[in-house]
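Engineer: Protein chains in written order, with numbering that gives the first Met the number 0: chain A, 0 to 325; chain B, 0 to 257.
Source of the hints: derived by calculation from the structure; they are not laboratory data.
Just so you know, even glycine gets a beta-carbon here, dropped at the ideal spot from N, CA and C.
Everything hinted at is true.
Reference listing, derived: stretches of chain B covered by chain A, where coverage requires no fewer than 3 residues with Cβ under 8 Å from a Cβ of chain A:
{"no.": "1", "segment": "164 to 170"}
{"no.": "2", "segment": "181 to 195"}
{"no.": "3", "segment": "222 to 232"}
From the derived model, a few chain A residues whose C-beta atoms are all more than 10 Å from chain B:
{"no.": "4", "residue": "L15"}
{"no.": "5", "residue": "L27"}
{"no.": "6", "residue": "Q30"}
{"no.": "7", "residue": "D44"}
{"no.": "8", "residue": "G58"}
{"no.": "9", "residue": "E125"}
{"no.": "10", "residue": "S160"}
{"no.": "11", "residue": "F166"}
{"no.": "12", "residue": "I175"}
{"no.": "13", "residue": "R177"}
{"no.": "14", "residue": "T178"}
{"no.": "15", "residue": "A200"}
{"no.": "16", "residue": "N219"}
{"no.": "17", "residue": "A325"}
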Amino acid sequence: MTKRIVVIAEHFNGRLVPVTFELLACALEIQRFRQVPISVVILGDRVEDLAHEIAGASGLEVIAIQDPDLITYNGEIYKNILGEVLPELSPVCICIAHTGQGWDFAPGLAVRLGAACITGVERLFEEDGRICFTRAIFGGKLVADFRVASDPTIITVQPGSFKKASFEARTLGSVILRTVSYQSRQSRSLGIKRAKEESSAVTEADVVVSAGKGIGRKENLEIIERLAALFPKSAVAGSRSVCDSKWLDRNRQVGLTGASVNPRLYIAAGISGASQHIAGMRSSGFIVAINTDPNAAIFNVSDVCVVEDLTAFIPVFIEACEKSNA
Amino acid sequence: MKILICVKQVPESDAAIKMDDCARWIRPEKSISYKMNRFDEFAVEESVLIKEAFPGTRVDAISVGPARAAMVVKRAIGMGADNGVHVETGDHGYLNPLIVASLIAGYARDRQYNLILTGIMSEDAMHGMVGPMLAELLSLPCATSVIFEKISPETETIRVEREIKGGYRDTLELKCPAVLTIQGGINKPRYPSLSNMLRAKHQKLVTIVASPDDRPGPREEVMRVSYPQKSRSGMVLEGGREEKAARLLKILREKTLI
Ligand SMILES: Cc1cc2nc3c(=O)[nH]c(=O)nc-3n(C[C@H](O)[C@H](O)[C@H](O)COP(=O)(O)OP(=O)(O)OC[C@H]3O[C@@H](n4cnc5c(N)ncnc54)[C@H](O)[C@@H]3O)c2cc1C
Numbered sequence: 000m001t002k003r004i005v006v007i008a009e010h011f012n013g014r015l016v017p018v019t020f021e022l023l024a025c026a027l028e029i030q031r032f033r034q035v036p037i038s039v040v041i042l043g044d045r046v047e048d049l050a051h052e053i054a055g056a057s058g059l060e061v062i063a064i065q066d067p068d069l070i071t072y073n074g075e076i077y078k079n080i081l082g083e084v085l086p087e088l089s090p091v092c093i094c095i096a097h098t099g100q101g102w103d104f105a106p107g108l109a110v111r112l113g114a115a116c117i118t119g120v121e122r123l124f125e126e127d128g129r130i131c132f133t134r135a136i137f138g139g140k141l142v143a144d145f146r147v148a149s150d151p152t153i154i155t156v157q158p159g160s161f162k163k164a165s166f167e168a169r170t171l172g173s174v175i176l177r178t179v180s181y182q183s184r185q186s187r188s189l190g191i192k193r194a195k196e197e198s199s200a201v202t203e204a205d206v207v208v209s210a211g212k213g214i215g216r217k218e219n220l221e222i223i224e225r226l227a228a229l230f231p232k233s234a235v236a237g238s239r240s241v242c243d244s245k246w247l248d249r250n251r252q253v254g255l256t257g258a259s260v261n262p263r264l265y266i267a268a269g270i271s272g273a274s275q276h277i278a279g280m281r282s283s284g285f286i287v288a289i290n291t292d293p294n295a296a297i298f299n300v301s302d303v304c305v306v307e308d309l310t311a312f313i314p315v316f317i318e319a320c321e322k323s324n325a
Numbered sequence: 000m001k002i003l004i005c006v007k008q009v010p011e012s013d014a015a016i017k018m019d020d021c022a023r024w025i026r027p028e029k030s031i032s033y034k035m036n037r038f039d040e041f042a043v044e045e046s047v048l049i050k051e052a053f054p055g056t057r058v059d060a061i062s063v064g065p066a067r068a069a070m071v072v073k074r075a076i077g078m079g080a081d082n083g084v085h086v087e088t089g090d091h092g093y094l095n096p097l098i099v100a101s102l103i104a105g106y107a108r109d110r111q112y113n114l115i116l117t118g119i120m121s122e123d124a125m126h127g128m129v130g131p132m133l134a135e136l137l138s139l140p141c142a143t144s145v146i147f148e149k150i151s152p153e154t155e156t157i158r159v160e161r162e163i164k165g166g167y168r169d170t171l172e173l174k175c176p177a178v179l180t181i182q183g184g185i186n187k188p189r190y191p192s193l194s195n196m197l198r199a200k201h202q203k204l205v206t207i208v209a210s211p212d213d214r215p216g217p218r219e220e221v222m223r224v225s226y227p228q229k230s231r232s233g234m235v236l237e238g239g240r241e242e243k244a245a246r247l248l249k250i251l252r253e254k255t256l257i
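Could you put together the complete structure from these sequences and hints?
Structural biologist: Here it is, written out as structure tokens:
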């Protein structure tokens with residue numbers, strides 16, 4: 000049977016999400032090392048139109064599997080369907096998004112298929128005739144290269160890591176439609192809920208001063224506030240850990256599951272620089288990081304690195320600033 | 000009710016970690032201090048909250064790892080878990096998540112847990128795989144990134160909300176027994192109490208020495224670790240504290256940012 004690279008498309012609220020096209024780009028890169036066809040699989044209650052959209056844009060074969068119970072994503076149904084369909088496709092590699100959906104079903108699916116599983120893949124390359132995958136470890140302080148012993152491999156791909164694929168539309172692509180019915184036995188989806196609409200307090204500011212767990216205790220937020228007060232149109236924000244600890248309100252969280260900001264200046268104080276945090280601030284105009292750890296990941300995305308204890312450094316900086324203004 | 004809570008020991012986030020000699024993982028150094036994985040603290044707290052809400056509930060904490068990992072099992076007891084289990088593996092550096100999941104599954108299989116909790120991921124390896132793999136190995140339903148849960152003992156179900164992306168939650172109901180991976184922020188983890196820590200100190204953990212035969216062969220392996228590429232200039236300010244402050248001020252002035 001022909002082996003293939005398989006992409007599992009992701010959609011939400013009736014639309015394809017951008018990472019789907021990044022998965023296609025990832026599959027094209029894999030194809031440079033493993034010359035086998037790419038097939039796309041999309042699951043949902045009504046996904047024929049989305050399947051045509053992918054086929055039209057990519058010229059690839061798209062397998063649309065419709066199940067009336069998949070009104071929203073359900074991990075159990077996904078694993079049941081994919082557990083049956085994928086072996087028929089003899090995949091060498093299965094590309095899934097590293098999102099709240101993909102990350103939910105990929106590891107379990109890997110166990111079911113006897114596949115290797117690598118989550119949060121950011122890059123891939125070939126070495127000694129094998130494909131290797133790079134992912135962040137230790138909150139982004141280091142990266143690790145992984146390789147696998149045998150097919151198939153499931154990877155979940157970090158959104159934003161591959162540039163949206165561009166295809167010269169040579170062929171029109173094709174859609175294979177299948178209808179199945181796998182009721183979930185152990186779980187029941189009850190729908191998607193919008194969390195309380197919280198207007199973000201940090202997206203409008205010119206300068207964002209952001210506190211991480213490195214501030215040590217809640218009382219030290221005062222230092223962060225004093226630093227922010229030096230700048231007009233500034234706001235205090237924080238990492239998820241700081242908001243999880245209830246030191247700051249949730250609407251001040253920057254990152255993947257918080258606000259995306261792009262102020263002129265972003266100051267990260269005591270933030271390690273995990274990829275989920277960086278996802279929300281990497282496009283800031285100028286980035287200054289203050290951290291005691293010279294290897295902190297935040298320094299890799301910073302313009303200026305200050306290796307200092309923030310509780311000691313920030314007061315000195317404030318004083319220098321006030322002196323020069325006097 | 001019986002709850003199993005899976006905890007992992009990880010280096011402190013400001014630990015000066017270095018690669019080992021063949022750059023295969025980090026060097027286990029005496030100078031590194033370790034702690035309980037932060038996401039696991041939320042999971043332990045959640046299990047203790049359930050225990051408080053449903054009297055008669057028993058919470059067992061389990062950790063797979065080298066001898067030093069016993070410390071986080073003790074900490075879980077300090078936070079309110081009743082018993083501790085340590086699956087001892089020796090200090091190999093990197094432990095493959097399927098191996099960890101298999102070892103936990105081996106322990107949990109015939110012990111009738113109603114609920115198994117893990118953190119959403121570990122802060123060091125960041126795979127987020129042990130929970131969902133464990134569920135699959137035990138043929139249990141699983142929900143990841145759980146930010147809210149409510150148990151209905153009458154129907155033996157659990158309602159959960161999963162955080163799927165900023166602002167959206169996926170709600171679902173699972174049949175118990177089930178596996179949940181807990182996202183940070185679901186609660187406020189308590190500090191271990193003095194009386195519990197004293198109990199933890201004297202309580203014997205169940206220690207299981209993992210033999211290589213218990214483990215499936217790894218399907219993927221780490222080739223090497225390295226420092227990530229920088230995406231910006233990353234100018235490091237030199238000198239004393241005052242000099243650095245003056246330098247930073249000058250740079251921000253030149254860029255008219257202050
Ligand atoms: C699905 C998912 C979504 C997530 N979404 C987000 C998100 O939207 N936003 C987000 O921020 N995180 C998010 N996270 C969490 C993320 O992975 C990290 O855990 C988090 O960003 C770490 O926060 P931190 O940097 O404040 O804390 P830590 O990682 O604990 O870092 C603290 C830092 O402070 C430094 N430090 C310590 N003391 C001092 C001192 N005195 N002076 C200076 N520096 C000091 C340390 O060296 C360390 O680098 C998410 C995680 C998951 C799994």
